[in-house]
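K.L.:
Please take these sequences and the hints and turn them into a complete structure.
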Amino acid sequence: MTRPTVSRRRMGIRLQRRRQEIGLSEREVAELLGYTYKSIQRIEKGTQGTKQTTIEKFIEHYKIPGDEASYLLGLRVRGAERGWWEDYIDKGTKEGTRPDFPMFLEYEQIATLIRCYEAELVPGLLQTIEYLRWLQRVQLPIPHEVAEKVGLLRERRQALFANRTDMPQMQFLLGESVIRTLMQLPAEVRDGQLARLTDTARMAGVEIRVVMQLHPLAAGNCVILNDPEDFPPIVYTDHLDGCRYLEDADVTSRYEFAFSRTWEMSVSIEEYLNEHV
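Each residue of the sequence shown is one higher than the one before, starting from 1 at the first, in UniProt numbering.
No lab work stands behind these hints, which were simulated from the structure alone. Think of the CB as a built atom: it goes at the ideal place given N, C-alpha and C, for glycine as much as any other residue. Possibly wrong hints are sitting among the right ones.
DSSO-like cross-link-like pairs, simulated, lysine-lysine; straight-line CA separation at most 30 Å [what the hints assert, rightly or not]:
hint	residue 1	residue 2
1	38	63
2	51	63
3	57	45
Just the calculated beta-carbon pair ranges, DEER-fashion [claimed, not checked]:
hint	residue 1	residue 2	range
4	219	145	33 to 39 Å
5	228	41	21 to 27 Å
6	61	143	21 to 27 Å
7	17	140	37 to 43 Å
8	219	185	23 to 29 Å
9	191	167	23 to 29 Å
10	63	228	22 to 28 Å
11	219	17	30 to 36 Å
12	135	68	42 to 48 Å
13	81	229	16 to 22 Å
14	176	17	41 to 47 Å
15	212	78	39 to 45 Å
P.N.:
Okay, here's the thing in structure tokens:
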């Protein structure tokens, strides 16, 4: 199965909305276009690549007007393009990088609002290279060359984000363990990472807060990413055995509510450091 990309997801959502507007079921569309029911599902979910002739069939049967048709064809092309991250990912095993992580990297570069909760580690966008190297020393071992690629990917990711012309609103929620663990690291790791956190917290549109009690997000880390188009947010969760993208509105709304409640229970990182460090 093809990994979903932002362009494929957007195309799939638009096709799904149009299908629903004209009152067709997935099975009816499959019969009209000569595809399987599962293929229509995968196209709408963004997990199946499509040929131009396929999109043209959708456009014809859905009676999609010119501007929207051109946009859909453009999304198909962009969905097949090579990603900027591919030079940094091991092509054979994807070792050191989650197989589905590229979609997160794409969304991070276009999101209008990023809400991130981390219980134990500094969020990737805020990590210094020294902190990342220290993490690599204590996490599951990976080959040296893979570790180097992970570091280069992290630096490239941060550089691209810093050069965005339309910076998003960003809210970072840290569990108290993030700071407590950081304070136990060697000074050459700790001091630079603390400076990165406090400097970033002073930037316009960025808030970093620390939560010190039991809270609604205690079950696990998450990142909520809002698409600049009128699409529902996605929730990214990371686990030892892989990552997941949650898109169902009922599920994502629960994460948004839990994040909001936890945010209200937290304090600014400046206040936390002044009182507890």
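K.L.:
Taking the hints in turn, state whether each one holds.
P.N.:
Hint check results:
Distance check on the hinted pair: residue 38 and residue 63 sit about 22 Å apart at the alpha-carbon level, within 30 Å; holds. Annotation: proposed proximity of residue 51 to residue 63 holds, straight-line Cα distance about 18 Å (limit 30 Å). Our distance criterion of 30 Å between C-alpha atoms is met by residue 57 and residue 45, whose separation comes to about 18 Å. Separated by about 35 Å at the C-beta atoms, residue 219 and residue 145 satisfy the suggested range of 33 to 39 Å.
Distance hint check: the CB atoms of residue 228 and residue 41 are about 26 Å apart, consistent with the given range 21 to 27 Å. For the pair residue 61 and residue 143, the supplied restraint of 21 to 27 Å is violated, since their beta-carbon distance comes to about 50 Å. At roughly 42 Å, the beta carbons of residue 17 and residue 140 sit within the given window of 37 to 43 Å. The supplied range of 23 to 29 Å is met by residue 219 and residue 185, whose beta-carbon atoms lie about 26 Å from each other.
Between residue 191 and residue 167 the beta carbon distance is about 26 Å. The supplied range of 23 to 29 Å therefore holds. Between residue 63 and residue 228 the beta carbon distance is about 27 Å. The supplied range of 22 to 28 Å therefore holds. Distance hint check: the CB atoms of residue 219 and residue 17 are about 32 Å apart, consistent with the given range 30 to 36 Å. At about 45 Å, the CB distance of residue 135 to residue 68 agrees with the hint of 42 to 48 Å.
Taken as a hint, the range 16 to 22 Å holds for the pair residue 81 and residue 229, whose Cβ atoms sit roughly 18 Å apart. A C-beta distance of roughly 42 Å is found between residue 176 and residue 17, which places it inside the suggested range of 41 to 47 Å. Between residue 212 and residue 78 the Cβ separation comes to about 43 Å, which falls inside the hinted range of 39 to 45 Å.
Against the hints set out earlier in the document, a violation occurs for number 6 only.
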